[in-house]
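From first to last, the protein sequence lines are chains A and B. Counting in the numbering used here, the final residue of the first sequence is number 322, and the numbers go up one at a time with none missing. Counting in the numbering used here, the final residue of the second sequence is number 321, and the numbers go up one at a time with none missing.
Treat the hints with caution; some may be incorrect.
Unchecked claim - Pair ranges (Cβ atoms, derived):
#, chain 1, residue 1, chain 2, residue 2, range
1, A, LEU29, B, ALA140, 22 to 30 Å
2, A, ARG316, B, ASN198, 23 to 31 Å
3, B, GLY245, A, ASN290, 25 to 33 Å
Unchecked claim - According to the in silico footprint, chain B covers these stretches of chain A (three or more CB under 8 Å from chain B):
#, region
4, 94 to 103
5, 136 to 142
6, 246 to 259
7, 291 to 302
Just so you know, these hints were derived from the structure itself, not from any lab. Just so it is clear, CB atoms sit at the ideal spot from N, CA and C, and this is done for glycine as well.
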Amino acid sequence: MSATIFSAPRFALSSELVRIGFRLLAVALLCIALSLASDAFATQANIMNVLRQASLLFFMASGLTLVVLTAGLDLSVGANIGLSACVAGTVMKATGEPAYAVVAALGIGAFVGLLNGVLVAVLRIPSFIATYGMLWILHGLTYAYMAGSTVYGFPRGFRQFGNGFFLGVPIPVLVMAASLIVLALFTGRTIWGQQIYAIGANPVAARLSGMPVRRRLMLVYTLSGLTAGLAALVFLARLNSAEADIGGSLTLPAIAAVLIGGTSLFGGVGTLFGTFVGTLLLTLVLNGMNLLQIDSRWQPLVTGVIIVAAVWIDIRTSGRKT
Amino acid sequence: MLDQILPTRHPLLVRIPGVVVMLAVLSIGFAWASPGFLSWPNLSNVLAQSSVLLLIALPMTLVIMTEGLDLSIGAVLSLASVSLALVAVTTGSLLLALLVGVAIGAACGAVNGWLVAWLRIPPFVATLGMFGVAQGLALAVSDGQSITGIPTSVQAMYSGTLAGIPVPILLMLAATLAMHALLYATPFGTYVFALGGNREALAFAGISQRRVLLCVYTLAGAMGGLAGLLLTARLNSGHPSAGIGMEFDAIAAVAVGGTTFERGNGWLPGTVLGVITIGVLRNGLNLIAVPSSLQVCCIGILVILAFVFEAFTGERTGAQV
């Protein structure tokens, strides 16, 4: 019953298509502009590179999207990637067995996510405070664990996960496509997914209609941690090394991708596909800055401006009051 | 909902604010673990080291009382620090450095206030955007390098003494008194309370919410600039990432001090105690040789504990789930 009450009316679906249509248009325009501005853009190598970079960002942003859909926020994803990657890298170096690393990264990622979920859903700490506290806890643990050292040199088979190709497509891009489909089906086509939207749109109504709000919130934060663990694995395989500050600069772009993708910070509005388009947009901007040889120091500034602009457009076009 | 699940608060716990309990427990613990902790030089050191944090935690209390948040303050502090360091190195003038630092901080804060009040962007997002902008500018201004060769007139802001009392402690006292007077003895303070507690009342009284918000964020930025001067004097250099993470310590101090993040229930003396609690925690952990990475970890735990403690004493309700 709950699913039918809260599923979006048809006109909302078409307006969602319009929202995403505009973003796809922006992606297309950006591609045209970049291929005019730089000869290096429209090469196969660069496009594969853009997609591969986008995949890393997408893993973080996908779990984060679920959290934002519940009107929450997970600021700990970057720090979570740092800890997961460092522990997984050390484990792999010690045992030489990629399977243990996969278990370590996903396990730590999901466990941290679950802790966030408990803090938010059970102890009812505002999500940005709980995950911000968690950010610094993880940050401290990672630096203490690594003690300034770097682990590097992982088995060749594992590095395929970041650099390999399957049928001409980079493997992380395939993983991204698979997780996009799975998570889009989960949010759009299952009762649990619909409940996530309902909790974000109106938590009181969701509780009164008998939804297990706490359990769904914990699930959402755990999934966010799990996708951070996945991102950590791709990161490890790409860089072939891990050090303590690995995830520090990743949170801001991930939040930006979610917000550019049209997911509302106020909960209940947004799609995984939108986040995918947002990821592409942001990656294209950063890639374009690289190709045009703009100093990478300007990247946080540009990302910051994009975040504010995206939310401003969201507020203006939806007429939503804060 | 939570009230039905949790036991009713103990009468004693109601009277004693959580931050006092925490400060007492930490102080007793560290005094027991390390004999040097209670010496006067060490305690004065704790206070002096807390001065930078206090300067940004005081206005952060006001920002949080308006149901806002300023995540940009650490990056703004860094930007002010490198800019004023450049000015100080080239001109050698303390006054110019102070003016530049405060002006840059106030400008960043004013942009935050404009984004929040006029464009109605959630404070968290607006200041996160400003975090990126200020961080990028700080890197660009300093070319990613430390700026050294700070003149002695600037250094004296941290290491000097006036009538036998260290300058940073005097600054702390002055800032606390000024902010206390502003919040509890002026109409502006009443508006700040109303912004968090009762915005309709403010509208009926004919007060512009936007202007009050603008003032609060600008004040936070300006104090960030002043804190930048103090930090530059303390580190004897300007560094583009010197203030990164200080926004967390400031938010932690406010949270530990008992200000609620909803409905604007602010308590300024609590913030001062919160700053001292964090100073004591860092100092004590240093004395028993805990690495700084784990100190950060402990502050994260302290914040979460503060929220849990308040939930159990019923003073704070937390997020409406």
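Practice task
Given the range 23 to 31 Å, decide if the beta-carbon distance of A:ARG316 to B:ASN198 lies inside it.
Solution key: holds, 28 Å
Handout entry: chain B covers the region 94 to 103 of chain A, three or more CB atoms within 8 Å, holds or violated
Key = violated (count 0)
Practice task
Confirm or reject the claim that B:GLY245 and A:ASN290 have a C-beta distance inside 25 to 33 Å.
Solution key: holds, 27 Å
Handout entry: Range hint compliance [Cβ, A:LEU29 to B:ALA140, 22 to 30 Å]
Key = With Cβ atoms ~27 Å apart, the hint holds.
Practice task
Apply the coverage criterion to the region 246 to 259 of chain A and chain B: a residue qualifies when its Cβ sits closer than 8 Å to a Cβ of the chain, and three qualifying residues are needed.
Solution key: Coverage by chain B holds for the region 246 to 259 of chain A (3 residues, Cβ < 8 Å).
Practice task
Report holds or violated for chain B covering the region 291 to 302 of chain A, Cβ cut-off 8 Å, minimum 3 residues.
Solution key: holds (count 7)
Practice task
Mind taking a look at whether chain B covers the region 136 to 142 of chain A? Criterion is 3 or more residues with CB to CB distance under 8 Å.
Solution key: It holds, with 6 qualifying residues against the three required.
Checked against the numbered hints above, the structure violates only hint 4.
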